[in-house]
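Student: Given chain A, work out where chain B should sit, using these hints.
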Amino acid sequence: MGSDHPRLTPQSLALLNVLLQNPADWKYGLELIEALGIKGGTVYPTLARFERFGWLESRAEEADPAKVKRPRRRLYRLTGEGQLQAQIALERWRRMLGAGDEPGKGGLAPA
Amino acid sequence: MITISIGTAVVALVVGFIFKAVGGAASSILADEFKASAPHAAQRIIRIAVRRIPAERREEMLETWLAEASEYEGRPLRALRFALWNCLVAAPLLARELRPVAVTSSGSARSRGVVEGARSRVRRVWNWLEFSQFLRALWTSLRDSLKASVRIYADAVRSLRPGVSQSGELMRDAFRIWLAAFIAVAASFTFAVRSLINLIGPYDYPRAWRSAAQLAVRGLLYASAGALTFAAVLYALEVLFGR
Numbered sequence: 001m002g003s004d005h006p007r008l009t010p011q012s013l014a015l016l017n018v019l020l021q022n023p024a025d026w027k028y029g030l031e032l033i034e035a036l037g038i039k040g041g042t043v044y045p046t047l048a049r050f051e052r053f054g055w056l057e058s059r060a061e062e063a064d065p066a067k068v069k070r071p072r073r074r075l076y077r078l079t080g081e082g083q084l085q086a087q088i089a090l091e092r093w094r095r096m097l098g099a100g101d102e103p104g105k106g107g108l109a110p111a
Numbered sequence: 112m113i114t115i116s117i118g119t120a121v122v123a124l125v126v127g128f129i130f131k132a133v134g135g136a137a138s139s140i141l142a143d144e145f146k147a148s149a150p151h152a153a154q155r156i157i158r159i160a161v162r163r164i165p166a167e168r169r170e171e172m173l174e175t176w177l178a179e180a181s182e183y184e185g186r187p188l189r190a191l192r193f194a195l196w197n198c199l200v201a202a203p204l205l206a207r208e209l210r211p212v213a214v215t216s217s218g219s220a221r222s223r224g225v226v227e228g229a230r231s232r233v234r235r236v237w238n239w240l241e242f243s244q245f246l247r248a249l250w251t252s253l254r255d256s257l258k259a260s261v262r263i264y265a266d267a268v269r270s271l272r273p274g275v276s277q278s279g280e281l282m283r284d285a286f287r288i289w290l291a292a293f294i295a296v297a298a299s300f301t302f303a304v305r306s307l308i309n310l311i312g313p314y315d316y317p318r319a320w321r322s323a324a325q326l327a328v329r330g331l332l333y334a335s336a337g338a339l340t341f342a343a344v345l346y347a348l349e350v351l352f353g354r
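Those protein sequences? They're chains A and B, same order as listed. The first sequence stops at residue 111 when you use this note's numbering, and every number in between is there. The second sequence stops at residue 354 when you use this note's numbering, and every number in between is there.
Isolated chain A (complex conformation) (with noise of 0.2 Å):
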């Protein structure tokens, strides 16, 4: 893949599965930590060189700290573009392990 393509992992793989369920929806960093099970020194970086890339957008949630008696989390979710790269890439990576086996889902796949 050239440079104008982050590179793909198994967990960055697992990460764009995740986000593509339901791509209007808006998801935090924790919310992805917890739901592929990945260490946040993956996720995090991965978001990051996702956004660079133009797949991902991001924004600060719109709640009232002080309401919440929290700092504002940083929402994240694929671009149009980033659809478009995620299902490609998701489409080689069942091509190339065979119908059914999904990245973050067992098999190869980060627990």
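It should be emphasised that the hints constitute simulated quantities derived from the structure, not laboratory data. It is possible that part of the hints are untrue.
Claimed, not checked - Think about it this way: if two alpha-carbon atoms lie no more than 27 Å apart in a straight line, the pair counts; the simulated DSS-like pairs of lysine-lysine are:
| hint | chain 1 | residue 1 | chain 2 | residue 2 |
| --- | --- | --- | --- | --- |
| 1 | A | Lys39 | A | Lys27 |
| 2 | A | Lys39 | A | Lys69 |
| 3 | B | Lys146 | B | Lys131 |
| 4 | A | Lys67 | B | Lys146 |
| 5 | B | Lys146 | A | Lys69 |
| 6 | B | Lys146 | A | Lys39 |
Tutor: Below, chain B without anything else, positioned relative to chain A:
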């Protein structure tokens, strides 16, 4: 057979009871202290972690991680684990992702040209100074003096200790010890310093600090190498002239 008097048994029981009571109270106090201080410790770790991130994204990540750590309210151990394994580990990797890529293709071509130019200049100066011949002469002289030293050394060993005919063995032993100790010290020291810098060093600490840190590391490495060499020489002398 070991016999224990009733008095000793009573004393042992009392001491055991006191230890249990004090230990129980202390562990309870320690657990409470830990529960009270863990959230602050987690926040502190997060603040240390964000120092590794480029300044323009630091505030954003601090807010994000503090928000996510606050989800573990009432679960201090989880909060601490989140701060350690998710934030502290992620920070240097995140910093690498967020670091701006400054080298463009034209820039890299330009720098290649500069490097080539510098290389050819160095080659010209090297040829002009006839350094190759000088180095060859130096090597020959060094090799001859080394050979002579070994011969003198071996003769000395043979005359002093008739049993030790292989002077090479002694030298090899001393050198082996020196090398192993030097590698161990240098590797562990470098690893410790680098880990410490990675852990607590802010992402954009001043260049002067970096130079000072490198100088300190080198200084300590050379000092340890010197000390080890000295120790190896002492060892060799002891082996040769001890007894």
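Student: Now, for every hint given, state plainly whether the structure supports it.
Tutor: Hints and how they fare:
1. A/Lys39 x A/Lys27: holds (16 Å)
2. A/Lys39 x A/Lys69: The hint holds at about 26 Å.
3. B/Lys146 x B/Lys131: holds (22 Å)
4. A/Lys67 x B/Lys146: holds (25 Å)
5. B/Lys146 x A/Lys69: holds (20 Å)
6. B/Lys146 x A/Lys39: holds (23 Å)
This entry satisfies every hint, going by the numbered hints stated previously.
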